[in-house]
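Visitor: Quick note, in the working numbering, the sequence shown goes up one by one and the last residue is 471.
Be aware that one or more of the hints could be misleading.
[Unchecked claim] Derived PhoX-like pairs: lysine-lysine, alpha-carbon spacing no greater than 20 Å straight-line:
#, residue 1, residue 2
1, K73, K116
2, K164, K127
3, K63, K77
4, K77, K119
5, K94, K63
6, K164, K133
7, K63, K135
8, K164, K94
9, K363, K28
10, K70, K127
11, K170, K135
12, K133, K150
13, K164, K63
14, K363, K279
15, K94, K134
16, K133, K170
17, K70, K164
18, K279, K221
19, K133, K73
20, K291, K221
I should point out that these hints are in silico values taken from the structure, not numbers from a laboratory.
This one's a predicted model, so the numbers in the text were calculated from it and none came from an experiment.
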Amino acid sequence: MIDNDIRQYATLTTEDITMRYEQFSNKKARIFYFSFIIICVVCILMSIVSPESLVTYEQVFEKNEQNKIKFIKDLGKFEPLNQELIIESVLVNKFNSEINQEVDFDLHISGYDGSKWVKLEKYQEIKRSVECKKKSNCTSEILVYEPFIKYHNYSIQLEVTPIKEDFFDKIYLRWIYFNSSFSILECLIRYFFLIITCVVIVLFTRTMSNIPWEFFTTEQKWMLPMLFILILFNNPFFPLCLVESTWSFTILDMIFLAIQFCTMETFWLIIIDSYNYTKRQRTFRKFYLVKIIFISIFFLTISTILIWAQVYEKNDAINKNLDTIPGFIFLMIISILCMLIYLVWILILGFNGIFGAKSERRKRKIVFMFWFILLNTLFMGVNFITGLIRRVNGSTEIFFTVFITINVYYLFLFYAFLPTPELISQIQKGYNLIDTTHNSYYDNYTNEKNKEPIIEEIPITDDKNQNSSEN
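Using the sequences plus the hints, can you model the full thing?
Guide: Shown next as structure tokens:
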């Protein structure tokens, strides 16, 4: 500890609170960006070599002696980690012309619970309008969708009858379910990052414990709540989504995803725009209100889309295509427009900050954060919108490129926003902290510190004149 007489002159102002990324040289900044890009590429490579998220089996059935397609098929053993079961059919058009007509699927499916076979009553006779090109496969039709694996085994009995013209002579039957290895891998990765996030929270709290809250930078004030939201994003309840036959945990996972996504968007907006305003100028009405309204609309749209997609797939994936529902299409358009508006907004704020910065330090901060945000936004936005359009739940590519990248991005932010080692050392030595954002306090402090001793002036008079005046 430094001496008390020295400590009173060893002061740190708000302007002295520097973060690690502010001291990055051009070379170190390039290494920082390049490391993030390398990790993103590694995530893509991991998605290539990792287990496929979906397992698909296919079998061909042809007409029997009675000129009918009728069969019974045992689909094999299942477990809750397989998550869901989809059975779809593809008829093969034997004519040299296009066909569009109705087909009657007489369907019976049963599940074995370990002691007896249980018939699933919701699957009965299904009529579908089938479109076929000449001498090619017809459009695939989903016959069975089980959102939860409740039974150890499934058996399907199917008879296919054309209502008008007999245009097919065989059928492809596909049954699709999640790979249990992928489900285990997803759980392990989620809990790995969950543990890492908890460790980072402890380290961040311990590092910042000697710095009063009012001396935190805007980035550091946001970092701790964002790390807690990252815990929700990693979802400690995710295993329950696999083993429990209920929608609650699946919908909760979608809500956590929407919260994390919109929180990150809010963080980027506020950080970039905060460089253009002083602390006093960042009032609620002028600085925060428009951002809160915009992000709220974005959050409601995204969360509704995600929940709607989940409820639809769990409830009515057979009878109607979600992409044909007008309300869902409208929300998709709104979400894409919000994303485009957001990207334009970020670009405008970033370039205004770069070209309008009044100090080299502020310009350096904006350039670093702007390019890092832009890089991550483009990478994440393309994958996120693609996932919404394709509605690929549990896709290996989407999981690795979006989920892992978000976690890695937060770890990079954690390192960049930490105080510099020199600053931590100075605070531990007992340097005084002066909040320069409150100008009156700072002025009083500097006036008191720089005050010169007051010397009372004594008028000098002539003794002779003084004596004469007394006489």
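Visitor: Each hint should be assessed against the structure and marked as holding or not.
Guide: Outcome of the hint check:
For the given pair, K73 sits about 17 Å from K116 by alpha-carbon distance, which is consistent with the 20 Å threshold. About 12 Å separates the Cα atoms of K164 and K127, which keeps this hinted pair within 20 Å; it holds. Pair hint K63 plus K77 does not hold up; C-alpha atoms about 27 Å apart against a cutoff of 20 Å. The suggested pairing of K77 with K119 holds, with an alpha-carbon distance near 17 Å, which does not exceed 20 Å.
For the hint linking K94 to K63, the alpha-carbon distance of about 13 Å falls within 20 Å, and the restraint holds. Taking the CA atoms of K164 and K133, the gap is near 17 Å; set against the 20 Å cutoff, the hint holds. Distance hint between K63 and K135 is fulfilled; the C-alpha atoms sit about 17 Å from each other, no more than 20 Å. Restraint check: the Cα-Cα separation between K164 and K94 comes to about 15 Å, which is no more than 20 Å; the hinted pair holds.
At most 20 Å may separate the alpha-carbon atoms for a hinted pair to count; K363 and K28 meet this at roughly 17 Å. Of the pairs offered as hints, the one joining K70 and K127 holds, with about 16 Å between alpha carbons and a cut-off of 20 Å not exceeded. The straight-line distance between the Cα atoms of K170 and K135 is roughly 12 Å, inside the 20 Å bound, and the hint therefore holds. The hinted pair formed by K133 and K150 fails the criterion: a straight-line CA distance of about 38 Å is larger than 20 Å.
In summary, the hint linking K164 to K63 is supported, as the alpha carbons are separated by about 17 Å, within the 20 Å threshold. About 17 Å separates the Cα atoms of K363 and K279, which keeps this hinted pair within 20 Å; it holds. Between K94 and K134, the direct Cα distance comes to roughly 7 Å. Compliance with the 20 Å bound is thereby established for this hinted pair. For the proposed pair K133 and K170, the alpha carbon gap of about 15 Å is at most 20 Å, so the pair holds.
Distance hint between K70 and K164 is fulfilled; the C-alpha atoms sit about 18 Å from each other, no more than 20 Å. A C-alpha spacing of about 13 Å is found between K279 and K221, which places the hinted pair at or below 20 Å, so the restraint holds. Between K133 and K73 the CA atoms are separated by roughly 28 Å; this puts the pair beyond 20 Å, and the hint is violated. Proximity of K291 to K221 is assessed by CA-CA distance (about 18 Å); at most 20 Å being required, the pair is judged to hold.
Hints 3, 12 and 19 from the earlier list are contradicted by this structure; the remaining hints agree with it.
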